[in-house]
Amino acid sequence: MTNVPTTTKADWSSDQEVRWCPGCGDYSILTAVQLLMPELGVRREDTVFVSGIGCAARFPYYMNTYGVHAIHGRAPALATGLAMARPDLHVWVVGGDGDMLSIGGNHLLHVLRRNVNLNILLFNNQIYGLTKGQYSPTSEIGKVTKSTPDGSIDEPFNPISVALGAEASFVARTHDMDRQHMMEMFRRAHNFPGAAFVEVFQNCNVFNDGAFGAITKKDKRASMLIHLEHGKPVRFGDDNEKGVILNSYGSAEIVDVADVGEDALLVHDENSQEPSLAFALSRLSAGPFEPTPIGVFRSVERSEYAAEASKQLAWAQEQSGPGDLASLLHSRATWEVS
Amino acid sequence: MTNVPTTTKADWSSDQEVRWCPGCGDYSILTAVQLLMPELGVRREDTVFVSGIGCAARFPYYMNTYGVHAIHGRAPALATGLAMARPDLHVWVVGGDGDMLSIGGNHLLHVLRRNVNLNILLFNNQIYGLTKGQYSPTSEIGKVTKSTPDGSIDEPFNPISVALGAEASFVARTHDMDRQHMMEMFRRAHNFPGAAFVEVFQNCNVFNDGAFGAITKKDKRASMLIHLEHGKPVRFGDDNEKGVILNSYGSAEIVDVADVGEDALLVHDENSQEPSLAFALSRLSAGPFEPTPIGVFRSVERSEYAAEASKQLAWAQEQSGPGDLASLLHSRATWEVS
Amino acid sequence: MTDTLPRIVGTRELDRLVVRFAGDSGDGMQLTGDRFTSASAFFGNDLATLPEFPAEIRAPQGTLAGVSAFQVQVSDHDITTPGDAPNVLVAMNPAALRKELPHLEVGGTVIVNQDAFMERNLAKAGYEGDPLEDGTLDNYTLFKVPMTTITKEVCKELGVKPRDAERSKNFFALGLVSWLYGRPTQPTLDWIEAKFKRQRLVADANSAAFKAGMAFGETAELFDFNYEVRPAALKPGTYTHVNGNTALSWGLVAASQQAKVPLFLGSYPITPASDILHELSQRKNFGVRTLQAEDEIAAICSALGASFGGNLGVTTTSGPGVALKSETIGLAVSLELPLLIINIQRGGPSTGLPTKTESADLMQAMYGRHGESPVPIVAAYSPSQCFFAAIEAARIALKYRTPVFLLSDGYLANGSEPWCLPDIASLPDLAVEFATVPNHTNDDGSEVFWPYLRDPETMARPWAVPGTPELTHRIGGIEKEDGTGNINYESDNHGHMVKLRNDRIAHIANDISATMLEGDIEDAELLVVGWGSTWGAIVSAMTRVRKEGHKMAHAHITHLNPLPKDLGDILRSYRKVIVPEMNMGQLCRILRAEFLVDAQSISKVQGVPFTAAELHHHIIGALDD
Amino acid sequence: MTDTLPRIVGTRELDRLVVRFAGDSGDGMQLTGDRFTSASAFFGNDLATLPEFPAEIRAPQGTLAGVSAFQVQVSDHDITTPGDAPNVLVAMNPAALRKELPHLEVGGTVIVNQDAFMERNLAKAGYEGDPLEDGTLDNYTLFKVPMTTITKEVCKELGVKPRDAERSKNFFALGLVSWLYGRPTQPTLDWIEAKFKRQRLVADANSAAFKAGMAFGETAELFDFNYEVRPAALKPGTYTHVNGNTALSWGLVAASQQAKVPLFLGSYPITPASDILHELSQRKNFGVRTLQAEDEIAAICSALGASFGGNLGVTTTSGPGVALKSETIGLAVSLELPLLIINIQRGGPSTGLPTKTESADLMQAMYGRHGESPVPIVAAYSPSQCFFAAIEAARIALKYRTPVFLLSDGYLANGSEPWCLPDIASLPDLAVEFATVPNHTNDDGSEVFWPYLRDPETMARPWAVPGTPELTHRIGGIEKEDGTGNINYESDNHGHMVKLRNDRIAHIANDISATMLEGDIEDAELLVVGWGSTWGAIVSAMTRVRKEGHKMAHAHITHLNPLPKDLGDILRSYRKVIVPEMNMGQLCRILRAEFLVDAQSISKVQGVPFTAAELHHHIIGALDD
Ligand SMILES: Cc1ncc(C[n+]2csc(CCOP(=O)(O)OP(=O)(O)O)c2C)c(N)n1
Ligand SMILES: Cc1ncc(C[n+]2csc(CCOP(=O)(O)OP(=O)(O)O)c2C)c(N)n1
Ligand code: SF4
Ligand code: SF4
Ligand SMILES: [Mg+2]
Ligand SMILES: [Mg+2]
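Chains as they are written, first to last, in our numbering: chain A, 31 to 368; chain B, 31 to 368; chain C, 7 to 631; chain D, 7 to 631.
Hints are all accurate, no fakes.
Simulated pairs of lysine-lysine, DSS-like, Cα-Cα distance not exceeding 25 Å:
| id | chain 1 | residue 1 | chain 2 | residue 2 |
| --- | --- | --- | --- | --- |
| 1 | D | Lys150 | D | Lys130 |
| 2 | C | Lys203 | A | Lys162 |
| 3 | B | Lys262 | B | Lys272 |
| 4 | D | Lys217 | D | Lys201 |
| 5 | D | Lys582 | D | Lys571 |
| 6 | C | Lys150 | C | Lys130 |
| 7 | D | Lys201 | B | Lys162 |
| 8 | A | Lys272 | A | Lys247 |
| 9 | D | Lys405 | D | Lys571 |
| 10 | B | Lys341 | C | Lys266 |
| 11 | C | Lys217 | C | Lys167 |
| 12 | C | Lys201 | C | Lys167 |
| 13 | C | Lys150 | C | Lys162 |
| 14 | A | Lys162 | C | Lys201 |
| 15 | D | Lys203 | B | Lys162 |
| 16 | A | Lys248 | A | Lys262 |
Hints are computed from structural coordinates only; laboratory data are not their basis.
My request is simple: use the sequences and hints to build the entire structure.
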């Protein structure tokens with residue numbers, strides 16, 4: 031990080047016109063990222079944004095960095111190759127809930143279990159924006175959309191649970207109405223050496239307006255957003271009157287602090303090796319209509335994929351010296367004809 | 031189930047020669063299934079086995095039922111269409127760890143969250159058998175195979191955790207050395223109205239022999255397999271001296287019963303609405319080298335996909351009467367030309 | 007303004023008229039065009055439309071990229087295209103004017119929303135001066151109308167807020183143009199009532215704006231004439247106005263009904279195919295099941311599973327989706343089950359131009375799989391004909407137990423035309439016979455079921471669905487023995503099966519209609535061979551060419567695999583053969599390979615269809631060669 | 007037995023010999039064949055091999071389905087195929103005899119393991135009687151050898167358990183055949199030592215069995231002669247013995263070295279391509295990174311990501327995997343980045359015949375994508391030539407910044423031949439120039455980087471990799487403006503880009519070698535056009551045909567897209583053109599479409615290569631026409 035020139039938001043903004051609908055939550059996420067970048071002490075040319083297809087996936091065009099706008103669902107896979115080939119880069123992956131949990135669900139799972147050094151931002155608007163409003167794998171049951179005129183019948187994914195089930199080592203959640211919180215989560219993701227997964231609640235004001243309003247509106251936040259903070263008891267409420275405990279079946283439960291006493295509250299441990307705690311917290315809320323945790327659910331370091339691969343290369347070179355083509359061709363039985 | 035003729039194992043065995051390697055664990059799973067079928071009170075012609083590609087996926091050929099041996103990874107998707115089109119059938123899905131967790135991982139996730147009425151048997155041998163021995167997404171880190179001569183560097187999936195992260199409503203585990211237990215789990219899967227996921231530890235004696243030996247060998251079972259039984263304290267050990275508790279961070283922990291007292295033990299509740307308990311249990315073991323739970327982790331009924339879809343059809347017909355083609359064509363503004 | 011007495015203005019008659027509505031994505035131009043079209047259809051004109059919109063949901067307001075346009079040709083005679091250069095351009099803002107003006111016929115009419123020509127908007131559109139004043143429009147007839155102002159004014163009386171009122175300005179434009187071209191008003195007013203019945207104020211504002219537009223035309227001293235396009239002498243019948251995706255969806259429902267086999271659609275949203283999913287998900291009372299799958303692979307797999315279960319499995323998508331489905335199509339070839347793969351083609355390669363039209367996926371349909379895996383291909387050629395194309399594709403799939411490609415494209419999908427509704431009784435009977443009993447007697451006298459024992463005439467295997475006693479069987483993608491269907495790795499068997507799969511598709515040529523051939527069949531100097539959505543433009547161009555005294559013929563290929571049996575002879579009987587395609591010459595290559603005929607490709611790959619004028623030009627050029 | 011004195015037996019000379027080893031999957035026939043081959047290579051023969059094995063890991067023992075075979079032709083002169091009908095069949099059990107006997111030349115030699123001909127095994131093979139006794143082998147020279155018994159006996163002394171000893175019987179067979187055909191023994195003994203150095207008993211048992219086999223030949227009174235196939239007069243040099251997959255892997259390593267660009271392989275296991283992944287995962291000291299991805303889509307995407315990062319991205323697979331990769335290949339076409347897609351073709355459609363060979367994916371490589379997305383195609387034609395084919399494919403990808411298809415097949419992949427190792431210095435320099443500085447000056451004088459500004463000669467765009475200051479840029483699959491690379495939906499731009507992408511690939515024809523043309527170039531009556539692995543059989547057949555006094559020529563196509571520039575003229579200069587292919591005539595169709603030449607397809611799709619005899623027959627037939 032030495033000698034990295036000082037930059038401003040403007041340096042990180044590309045010259046391309048931003049083409050989201052006016053009022054789209056994607057704007058505020060973009061702003062948060064562009065504001066954060068100068069703080070990270072990295073170079074623009076060492077930063078790459080990779081995306082799939084969708085409204086969210088237009089993101090790379092607006093960053094004055096390297097970028098690939100790939101195909102639907104495949105960004106994590108493409109980014110894996112890039113991160114392995116170039117462990118020196120900072121690679122970000124951006125996509126929507128359709129992109130990363132519907133068509134691209136499998137690549138997301140595998141990138142998480144492999145712990146490839148990527149910062150993965152899932153813009154969850156619970157809808158297919160770019161294709162004009164079909165339901166997505168995070169839409170609530172009963173959702174009426176163009177493709178489900180009688181209401182959807184699919185149980186939605188809880189992206190945090192999915193990630194934890196797939197051995198994710200860094201898992202966080204934030205929302206598009208809180209720039210500071212977004213910046214903090216993105217910074218944490220950047221600093222994490224491995225696959226860092228961040229779900230961002232994002233408002234699609236055209237096809238799913240207000241989906242998160244019940245929890246992210248300014249006046250709702252205190253009572254509906256449960257801030258997870260490492261080492262602190264999990265509390266929330268307009269007067270911090272609510273808290274979270276773990277019951278005897280390992281489930282997280284919301285309680286009145288007055289009822290149980292402060293000491294009974296769960297103290298959040300994002301570094302818990304075992305993901306059960308994080309998982310239980312992810313189940314606290316079944317959707318953005320009840321108190322919902324945000325913040326870092328889990329942050330546990332383990333060996334990073336690209337680094338491990340590089341180590342094997344280094345080891346091989348140590349063992350057998352740098353490859354010599356002539357020796358390779360002669361490495362099996364040979365004979366002379368004269 | 032009325033008027034279902036009595037059958038025997040032989041009735042359920044097709045005339046095709048079984049072509050697994052001698053000694054392969056797949057044989058005993060096949061036997062368990064063929065022995066179970068006559069007990070289920072279903073007709074052969076109402077039963078369909080669907081599979082992908084792999085050694086495991088050869089399964090349908092050996093069942094004297096309807097069957098589709100599809101393509102690699104896609105069995106859950108194909109079976110979804112079949113189950114929706116024909117809710118009257120009993121559809122089983124069989125596949126290997128590569129088939130269902132590598133290339134087919136996404137379809138598995140989605141079929142689980144949708145809760146399609148399928149009985150899904152994942153034959154986990156922690157290896158790619160049919161392609162002759164590459165590592166799989168369940169192989170342990172450091173595994174030396176043809177494609178990982180220096181040892182694999184990928185964190186394996188825990189199939190039970192993956193399923194739970196994907197909202198699975200029925201999740202169980204069994205192994206190929208215990209016919210009775212397999213039959214019990216398969217029966218439970220069959221009886222469950224929704225997507226029933228069963229992981230079967232399966233020995234590939236050619237490419238990964240003994241992978242589960244440390245826990246499934248007759249003399250190891252008591253001390254290494256933790257039987258989950260609904261409503262009972264979780265205990266195991268040669269003298270039942272070990273037990274499982276939930277600690278204050280929601281993690282399951284193995285303890286000496288003598289140390290904590292019987293009452294402190296976790297009483298298994300497979301019907302717990304909240305999957306955190308099942309998830310915690312799935313994390314007890316990081317692989318088949320330490321005490322590992324088997325049995326039903328979770329069994330929670332919720333609306334089944336094909337049935338819900340059928341309900342919408344019935345409702346639509348109630349609302350607007352059975353479709354009439356002429357009215358459909360005339361349903362928009364029309365005018366006459368004469 | 008609405009209560010002044012009508013001025014007397016003259017009326018002039020036109021035989022056809024091409025209007026292009028253009029504005030910002032948010033200006034409601036698609037709706038406006040659609041309403042104008044509907045009223046014209048109701049009036050009895052023949053017509054054809056061409057909607058064009060940006061790929062973004064809301065491209066930045068006021069920019070060239072944000073322009074959304076809708077072109078419609080209305081006519082007093084049979085027409086087949088949305089017209090070449092528009093006669094009238096309605097431009098709601100400077101960007102629309104700038105982007106669309108180049109297409110307008112010289113001397114054409116430009117109607118602009120004067121209120122939108124403020125400095126900021128001019129700059130956004132890249133105008134340095136004001137085109138309304140600086141001579142830019144000297145060669146056109148310009149009408150400057152303060153649409154926003156008037157709309158706001160009439161809405162004010164209703165208590166509508168100015169910001170909301172502004173949204174109704176497209177209805178003002180519609181009213182004005184409706185007056186100018188003598189369109190009936192009642193259908194539009196009725197439609198507004200029905201559409202906004204739960205939003206009273208919006209309904210009132212739109213009606214008021216619409217009426218104000220009509221009144222403005224009548225009253226303002228700008229217009230000395232209005233015009234009339236008389237109803238076309240269409241064949242008698244009941245008509246409706248339909249676009250390709252709707253017609254195609256209805257065709258699928260019809261096929262299911264005619265076959266008495268339930269319809270199952272497995273699909274994943276993608277432009278421009280999504281509307282078929284939307285339409286069919288509303289057809290549950292026809293027993294239609296739809297699944298929005300997790301991806302295109304799951305979509306086709308679910309459809310194939312449904313087919314195995316005895317449904318007519320269908321999957322709809324566009325080119326990128328077909329790429330993902332290719333492995334499963336190969337499986338369907340091997341399983342020999344009915345399956346429809348519907349590709350609403352769009353601009354490629356890769357993500358390409360999602361909202362623009364192209365027909366460059368023919369080779370993919372022919373060859374986009376590994377191994378020898380032939381699949382029949384049917385192509386639709388006009389919006390309403392998508393209905394019949396769907397039925398024909400289903401007929402082949404059901405009868406021959408094979409996956410079938412149905413090709414449409416963005417232009418057919420969103421383009422619309424009046425459609426003389428067919429008599430249901432005239433639709434083909436697609437009744438399917440499922441296998442019910444064993445079909446083979448073993449040497450020992452036992453009766454068994456062989457899933458690959460073939461019908462001697464169709465070479466199709468039996469369709470035995472789960473639930474049928476005694477017919478249990480297992481099928482898969484590994485090579486199998488003919489007859490028993492058992493896995494078989496023998497050389498000779500494989501050779502036999504490869505040839506058989508080839509022959510059974512080739513054989514379908516005996517069961518399709520002869521090549522559609524029109525024009526100077528006997529003595530044409532030139533044959534134009536087309537397929538798909540070029541049909542309309544070729545027909546139009548041929549009319550012009552023949553009016554000019556040239557002899558030409560037009561063969562339109564609806565079955566691209568197998569090709570019609572008479573096609574070789576037809577091709578060889580003309581001195582010159584040209585093949586216009588919205589690709590780099592894909593059918594042309596197929597014809598050359600198949601028939602060794604020196605067919606020449608005319609290619610346009612620009613995201614927009616050929617115009618009749620372009621084709622006319624190419625044809626004359628070829629004739630002059 | 008080993009210490010009896012050698013009998014005197016005569017030695018007869020052969021110019022070539024085709025041996026086929028056949029036994030149960032568990033009998034180690036592939037190994038046996040491989041060792042025989044290696045010893046022969048060491049001895050200096052020219053040779054070619056054809057392994058054939060079942061798709062199951064272990065098909066049921068003793069059955070026809072379980073038979074695994076290995077054919078090798080060794081010769082004292084240059085040969086190009088593993089031979090037509092074998093001269094010698096070594097059958098380790100009744101199933102092997104039954105399955106393979108039909109291929110043997112009439113009068114050929116059959117050596118059986120007599121011990122395996124027990125009733126149970128005979129029944130499993132479907133024999134009713136005992137073929138060794140009932141006259142089945144009357145027209146052959148039969149040698150019955152109790153291989154199991156002798157092997158067990160010699161192993162007993164070593165303390166090897168009888169069950170384990172039995173496993174060494176293939177080495178007995180190898181010893182016997184080695185003696186019979188005068189193969190050198192030391193290489194095999196050395197190999198056993200090296201291979202089993204950590205399993206002392208196994209090494210000893212195998213050596214003992216091998217020696218016992220040699221001794222048996224010498225001692226037993228069965229054989230009156232042994233034979234000699236003299237070393238071939240091969241061109242001088244250092245030789246090694248290599249199969250296609252290994253040669254191809256080494257070619258990739260070589261390309262990476264010659265380009266000084268790291269190699270990245272993203273792959274998903276699939277027969278018969280997996281061995282390339284296995285081989286390259288052992289080349290980490292060359293800086294080769296391999297990723298066993300979660301599926302084929304992730305595999306190619308990761309490779310493309312690595313290419314974006316400045317690596318040579320490669321993905322290896324077989325037909326079904328290519329189907330899955332097609333969408334991403336389209337993206338690579340749009341991104342204009344180097345990428346190799348390597349297809350080791352196998353029998354299709356669908357899962358087909360995974361372990362058998364076929365070359366039916368040419369059309370998929372040409373056309374298996376949506377939209378107009380041309381991709382260069384290189385095809386390998388012999389096992390060792392896979393090395394050079396890989397280098398050539400990489401050269402085109404790197405120089406022209408494009409995905410390139412490299413086609414091989416199961417026969418080349420597993421077939422082997424002696425390879426005269428090339429001088430490293432003779433390999434082409436593939437050095438790549440990465441972009442390092444801005445390449446465009448704006449009107450305002452500022453310097454910027456345009457990712458789609460092209461090299462005027464190659465039409466390739468610059469390869470600017472992340473980490474390079476000032477060159478940050480964004481690329482994607484949406485249509486883009488040439489030069490800037492910005493998203494662009496304009497009609498004219500799209501037309502331009504489609505044409506440009508077409509031209510830039512077509513243009514590569516200027517930079518590939520002329521058509522490989524041999525035989526009676528000037529005055530042939532017939533031209534045979536081939537591609538891929540048919541090369542060996544065509545060359546052999548041509549030798550025979552010309553020996554018989556006919557005039558023929560052979561053009562072999564190594565670049566299938568674009569085709570060599572001289573090909574049209576070549577095709578037109580012969581009266582007859584036939585195109586033998588292991589598919590239903592795919593290249594033939596391309597040639598007909600491209601050059602309007604009446605090329606005729608000769609097709610064999612049976613999972614096994616053409617033999618020279620079959621082609622000879624077809625050629626004579628065509629000449630007689
Ligand atoms: C292979 C493929 N299938 C389908 C599509 C169409 N498509 C584009 S984006 C999208 C989903 C958009 O939803 P999401 O990922 O949630 O992103 P959002 O637009 O909501 O940000 C779909 C289905 C495509 N481009 N490619
Ligand atoms: C599209 C595709 N990719 C790859 C393959 C090759 N393949 C067949 S089975 C298999 C994996 C087998 O492993 P698993 O699913 O664990 O089954 P097992 O053989 O171990 O029972 C692979 C990679 C294929 N048949 N199709
Ligand atoms: S459609 Fe929704 S997600 Fe997409 S840009 Fe518009 S508001 Fe944003
Ligand atoms: S390879 Fe392994 S899994 Fe496959 S049949 Fe053999 S033993 Fe069973
Ligand atoms: Mg979304
Ligand atoms: Mg496996």
